[in-house]
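S.K.: Take a look at the letters that make up each chain.
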Amino acid sequence: MATDGIESWLDELSAALAPLPRGDREEILAETRSHIADRWGPQDDPAVRRAVVEDLGPPREYARGFLENYDLGETQEPPEDRWRRTAARVSGAVALVAAAVAGLLALQQVLTIPPSTPGWLTWRDVTLGERGWFSLLVAWAIVAVVLAVVGRRLWRWGKKPEEPSTRGGPERG
Amino acid sequence: MNEERLDRWRSQLRKGAAELAVLAILERGERYGLEVIDEATARSGIQIAEGTVYPLLNRLEKDGKIRSRWVASDEAGHPRKYYRLTREGAEVLRRMKKVWGEFQSGVDRVLDGD
Chain A
64 MATDGIESWL DELSAALAPL PRGDREEILA ETRSHIADRW GPQDDPAVRR
114 AVVEDLGPPR EYARGFLENY DLGETQEPPE DRWRRTAARV SGAVALVAAA
164 VAGLLALQQV LTIPPSTPGW LTWRDVTLGE RGWFSLLVAW AIVAVVLAVV
214 GRRLWRWGKK PEEPSTRGGP ERG
Chain B
1092 MNEERLDRWR SQLRKGAAEL AVLAILERGE RYGLEVIDEA TARSGIQIAE
1142 GTVYPLLNRL EKDGKIRSRW VASDEAGHPR KYYRLTREGA EVLRRMKKVW
1192 GEFQSGVDRV LDGD
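Line order of the protein sequences matches chains A and B. All the letters of the first sequence, read from the start, carry residue numbers 64 to 236 under the working numbering. All the letters of the second sequence, read from the start, carry residue numbers 1092 to 1205 under the working numbering.
Some clues are possibly wrong.
Claimed, not checked - Beyond 12 Å from chain A on every Cβ pair, some chain B residues (computed):
no.	residue
1	R1105
2	L1147
3	P1170
4	M1187
5	D1199
Said to hold, decoys possible - Selected chain A positions facing chain B (Cβ under 8 Å, derived; list incomplete):
no.	residue
6	G68
7	E70
8	W72
9	R88
10	E89
11	E94
12	S97
13	H98
14	W103
15	A114
16	L119
17	N132
18	D134
19	L135
20	A150
Because the hints were derived from the structure by calculation, they are not lab data. These numbers were taken from a predicted model, which means no experiment stands behind them. We put the beta carbon where it would ideally sit given N, CA and C, even for glycine.
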């Protein structure tokens, strides 16, 4: 029997309800299945099948109605989102540490200026060995900057979004 | 008031009255979710969104205003979850009806200009 996206809709609903106690989640899913079966009826019309799911709305939005009934506090965020954020924070931290190491290596490169290099030079003036030194300095500096930018973005993305402030007057309609 | 604002206002009214409507329907006897939706639509002509009714039933049950049980249905071929009003729910409904009546007559008085 074709299910026209109903199973994937239910899978998404199940994932969105993940913060709920297992028994409650299974009960909600069972009732939703029962409702779909009632609405579906004996018809085998693809349009009816699509309408059944459309009338319930997007699974995450539908799930939110149930989640609001529970005092879940910090656990209200679905586990997959929590994992994604943790992974982003760890990757961001690793990238920032790597950026710092690359920066130190660039600094070390500056401190080990070849004795023959008299201050500021144009690319044309330096010898082949000095070009290697200069290229390494530029490479470490680029790596440090790129890692710092990527690391900062990942770190910020991994932070849990702030709850919207309720200050600032009554809700406007 | 343009159509969009009117729709939003209608939706807010519907949302505000949904709990009262669901409790009043269950006062007449045990019903499963789709029956509640169909009865609300048939009696009031105002359709309560399907995505709203089930979370509402879930909340009412958590609050102790209604109770549920699963019934295996030969006719439907699948089990259905039936809801009924608890004593506490009946008391809440009685008070809500009173508030609703006062609100309705207050608004009517404003509209009639008395």
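S.K.: Quick one: work out the minimum CB distance from D1199 (chain B) to chain A and report holds if it exceeds 12 Å, violated otherwise.
M.R.: holds, 23 Å
S.K.: Mind verifying the non-interface call on M1187 (chain B)? Its CB should be farther than 12 Å from each CB in chain A.
M.R.: holds, 19 Å
S.K.: Test the statement that R1105 (chain B) is away from the interface with chain A: the closest C-beta pair must be farther apart than 12 Å.
M.R.: holds, 15 Å
S.K.: Identify whether the interface hint at N132 (chain A) stands, where standing means a beta carbon of chain B within less than 8 Å of its own.
M.R.: holds, 4 Å
S.K.: Would the hint on L135 (chain A) be counted as holding, given a Cβ-Cβ threshold of 8 Å to chain B?
M.R.: Violated. Min distance 13 Å.
S.K.: Using Cβ atoms only, decide whether E89 (chain A) comes closer than 8 Å to chain B, and label the hint accordingly.
M.R.: Since the shortest Cβ distance to chain B is 12 Å, the answer is violated.
S.K.: Would the hint on A114 (chain A) stand, with a C-beta cut-off of 8 Å toward chain B?
M.R.: violated, 11 Å
S.K.: Is the interface hint satisfied for G68 (chain A)? The criterion is a beta-carbon contact with chain B at less than 8 Å.
M.R.: violated, 16 Å
S.K.: Would the hint on W72 (chain A) stand, with a C-beta cut-off of 8 Å toward chain B?
M.R.: Violated - the Cβ of W72 (chain A) stays beyond 8 Å from chain B, reaching only about 12 Å at its closest.
S.K.: At a threshold of 8 Å, is the proposed contact between E70 (chain A) and chain B supported by beta-carbon distances?
M.R.: violated, 16 Å
S.K.: Min Cβ distance, R88 (chain A) to chain B: is it shorter than 8 Å?
M.R.: violated, 11 Å
S.K.: Are L119 (chain A) and chain B close enough, Cβ to Cβ, to be under 8 Å, as the hint says?
M.R.: Status holds, d = 5 Å.
Consistency with the previously given hints fails for numbers 2, 3, 6, 7, 8, 9, 10, 14, 15, 18, 19 and 20, ordered from lowest to highest.
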